[in-house]
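Protein chains in written order, with my numbering: chain P, 7 to 273; chain D, -11 to 532.
Any given hint could be a false lead.
Said to hold, decoys possible - Some chain P residues flagged as far from chain D (calculated, every beta-carbon gap over 10 Å):
| hint | residue |
| --- | --- |
| 1 | Val41 |
| 2 | Leu129 |
| 3 | Ser184 |
| 4 | Ala237 |
| 5 | Arg248 |
As the list claims (entries may be wrong) - Short, incomplete list of chain D residues facing chain P, as computed with Cβ under 8 Å:
| hint | residue |
| --- | --- |
| 6 | Thr18 |
| 7 | Ile122 |
| 8 | Lys480 |
What the hints assert, rightly or not - Residues on chain P that point at chain D, a partial pick, calculated with CB under 8 Å:
| hint | residue |
| --- | --- |
| 9 | Val57 |
| 10 | Leu174 |
| 11 | Gly175 |
For the record, the hints were derived by calculation from the structure and aren't laboratory data. The C-beta atom is built at its ideal place from N, Cα and C for all residues, glycine as well.
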Amino acid sequence: MFTTGFKFFFGLTIALTIGAVAYGYSTGGEHVGPVTLGWKGGVGDHVGYLVLIGGAFASACFAGIIVAFRDADPAAQSHYMGVEAIAPTTPVTGSFWPVIGAFGGAAMVLGLVLGSAVFVLGLVICSLVAIEWTMDAWADRATGDAEANKALRDRIMAPFEIPVAGALGVAVMALAASRIFLNATKLGAVVWAGLIAVIIFGLGILYAARPKMNKNVIAGLVLAVGVAVIAGGIVTAVDGQRDFEHHGDDHGEEHGEDHSEEGEASE
Amino acid sequence: MTMTESPPSEAAESSAAPLPAVGGLYDWLTTSDHKAIGRIWLRFGALSLLFFSVIGVLISFERLDADAIDVFGGVNSYFQMWSLYRFGIVLMVAIPLFVGLATVITPMQVGSTNIAFPRAALAAAWGYVLGSLITVISVLSGGGWGALDGVSGDEADAIRLTLLGTGMVMVSIILGTICVATTVVSLRTSGMGLTKVPLFAWSMLVAGSVWVLTLPVAIANIAILYIDLSGGAGLFVGAPNPSFDVYAQLAWILDQPAVYAAAVPVLGVAGSIIPVVAKGRQVSHEAMMILIGLAGLLAIGGWSQPFFGDERDTLVYIAFGVAALVPVLASLGGNGATLVAGEAPVGIPPAHMVGALGSMLLFLAATAAGALRVIDPLDLIGTTADTGVLNLVAVAAILGALGGWWFWAPKTDGRLFSGIQGLGAMTVLLLGGVLLGATDMIAGFVDTPDVLLASADDSLGDAMIVLSMVGSIVVLLGVLGALGAIALAYVKPGEADDDPWGGHTLEWATATPPPAGNFAEPPARVRSEAPLLDETPGDEGGES
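Build the full structure now, drawing on both the sequences and the hints.
This is the structure we're talking about:
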C-alpha cells in the first residue's frame, strides 16, 4: 500500500519535524510556539527552524505526490489502472512555438528597460504562444495517428493563423519599407519601391515556375528578403527621416498659432 | 484556382508518405527530441565556458598591479567583469553544462523514449541562450550588478537589463531542470524504482530540486532590486545611482552553501563512471544515493540571502559550511571502495575517469575550503577565500561536466572524443583548478580583499595573486584543449560502438547515435541499478 518512496519521504518529514521542534525549544522557543509554527509563542532561531520545518513540508509534499503516482513505477501503475502496460510517452511533434516563446520572453525582459511598446510586443507574442502551444499539446493526444492529429489541429487553427500571420507580416513589411522610403531621397524612394516590388515579383515567378523547389530554398529566399527589408527599416528608422521641404515659415507659424490657440482654449 | 491543387492521386500519395526530414537550423529551432535539445545547452555552454575562461584570465591580469595595468578602463569596468565572471561561470557555464548533459542522458538512463515536456525543454534551452546574450551584452554596454564608483543614466538602465537577463537565465534553468526531474520521477521504465535510478539521474533530481528551491529566491531578489532601481526609491541599493549593494544582494547565490548546488551532479557523474571503469557494481548504490541527497540538502541556500540581514555569522551557516564536507568525503570514499573492489585495468586512466575523480577531488577541496572559511577566528569571509571556494566549485563542476561529456559522447554526439587529448586537457584543467583555488585561499589567509581592486598588504598575498593568474591561464589552456578535442571529433569523427566502455545502465543499450525514441524495443524489466550487468530473463528461465 505504501511505496518505498513514500516511506522514505514520510520518515524524513517526521524526522525534520521533530528536529525543528527540538531546535526551536533549544534556541529559545517559548510556550507552544515551536509546535504551532509560532502561532502561540516564539519559535527560537527562526532561520534554523524555517529550514527544518520547510524541509518537513517539502518532504510531506513529495510523499503525497509519490504515493499518488505509486513511485512512478509503471508496473504498479498498470496494476492499479487494470491494464497490461502503461503506454510510452506520447510522441511530440516539432514546433516553432517554444523558440518564439523564448524570444517573446526576451522581448518582455528588454521591454522592461527599453520601453512599454517592446514589453507589450513580448506579452502579445507570449500570449499567442500560450494559445498555440495549448492547441499543439491537445492535438498531439487527440488520436493515435500523427497525421490525423496535425490535420485536426490545422483545421481549427489555420483559419486564425493565416489571416493573423498575413496581417502581421504585411504590417511589419509595410512599416519597415515606409521607414526606408522616408529615409531615402525622393528618387531613391521610387527606386527602392521598384526594387522591392521587382524582388517580390521575381520570387513569385520563381515559385510559379518551380513549384517543387526545395522548401529550405524557398524559406531561405523569403527569410533573406524579409530580414533585409526589416533590417533596412530599423537602420533607416534609427537614422531618421530625410529633410522634408516645407512651404516657408507659414507652416511653422500656423502650427505655432494652432498650438497656442489650443493651449488657451484648454486653459 | 485549380492550378494550385494537387491531382487526387498525388494528394493521396503525399498524405501517406512520411514527413520529409528537414535538417540544420530548422531542427535546432523546432526539435522535440531531447538529444538535440541537450546539444543546444551543451554547445552554447561550451562557448560560454571559453568566453568566461578568457574573462577570468583578464581579471587575474588586472589584479596583478591595480595601478599599472588598466585592462578594462576603470574601476567600474573592472567590477563589471569581475562580477560577470562570477555569475557567468556558475549560471551560464557550470549549471547549463549539467542541464544539457542531463537532458540528453537522463531519459535514456531511466529507459524513457523522450524527456518530459520536450517543448518546455526546448523553450528553456533557447531562453538560456537569449538570457545569457542579454546579460553579457548589457554588461558590455555599461551594466552589471551595481557599480563601485557611480554610473550614468544609460548605465543604470543597462544594470537593470543585466538583472533581468540574469533572471531570465535562472527561469530557463528552472524550466529545463523541471523537465529533467520530472523525467526521473515519472518516466522510469518498468521495474526501476527510485532506489534503482542511476546515480547521475539521481544527482540531477537532487541538484535540480535544490536549484528549483533556491533560484526562485534569487529571482525574488532580482524583482525587488529592479523595482527599487526603477522606482528610484533607493531603499538599499543607492538608486538612482546603483552601488555595490546590488551585487551584495545577489552574491549569496555564488557563496556557500548555495554555490555547492552547482557541483552536486559531479557526485552523480563520478558515481556513474567509476563502476564502469572498475568493471564492477557500485559497492553501495543506496548509500551513495543518500550521500548525494545529503550533499543536496546541505546546498540549499535560499535562507542565506541577505535581504533581512547578514546570516553569515549564524550557527546554521557555520553548521552547513562544515557539514557539507561530510557527504562529499564519504562519496569519494565510496567510489574509492568501488575502484578497489573492482577490476580496473592498470595503466593510463581514460579521460572520463580523470574528469570524474578530478572533479570529486576539487569539490572536496571546495567544501574543505568552505569549512575553513566559516570558522570565525580565521576571518576569511570577504577575502579572496570567497573567490577560492567559488573557483574550486566552478572548476569541479566544469571538469565533472566535461568528464561526463567525454564518457557519454557516443550518445550525446554520436562519436568518440579523443582519449589522449581529453586526458591532457582534463589533467591541465585539474591542475589549474587546484592552483586557482589554493592560491586564492592562501591569499585570503593574509587578508587580501576580494572585491576591491587593491594590492595585498603582504608579499605572500602578492605572490599568490601572481600564481592565481597562472592558475587561470592553466584553466584556460585546459578549456582550449578540451573544446579543441571536441571540435576535432567533428572534423575527424572516431568510430564509436553502441557501448564502447562496457556500461551498466540503459543508455548503453541504445544504438550510437541513439535513434528517435531512443530504444528500438522497450527495455526489459529492470531488476537492479545496473541492468546491463543483470542476467537476461532467459538465463534464469524467464521472469517471475
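Going through the hints against the structure:
With a closest Cβ-Cβ approach of about 20 Å to chain D, P/Val41 is found to remain outside the 10 Å limit, as its non-interface label requires. For P/Leu129, the condition that its CB be more than 10 Å from all CB atoms of chain D holds, with the nearest at approximately 15 Å. Distance check on P/Ser184: its Cβ is at least 28 Å (rounded) from any Cβ of chain D, clearing the 10 Å threshold; non-interface status holds. Separation of P/Ala237 from chain D is adequate, the least Cβ-Cβ distance of about 18 Å exceeding the 10 Å criterion.
Remark: the non-interface label on P/Arg248 is consistent with the geometry, its nearest Cβ contact in chain D lying 28 Å away (cut-off 10 Å). Taken as an interface hint, D/Thr18 checks out: its beta carbon lies about 4 Å from the nearest beta carbon of chain P, inside 8 Å. The closest approach between the C-beta of D/Ile122 and any C-beta of chain P is roughly 6 Å, which is under the 8 Å cut-off, so the hint is satisfied. Annotation: interface hint on D/Lys480 violated; nearest CB of chain P at approximately 28 Å, more than 8 Å.
Restraint check, P/Val57 versus chain D: the minimum CB separation of about 6 Å is within 8 Å; hint holds. The closest approach between the C-beta of P/Leu174 and any C-beta of chain D is roughly 19 Å, which is over the 8 Å cut-off, so the hint fails. Interface hint at P/Gly175: violated, since its Cβ lies 18 Å from the closest Cβ of chain D, which is beyond the 8 Å cut-off.
Violated hints for the displayed structure, listed by number in ascending order: 8, 10, 11.
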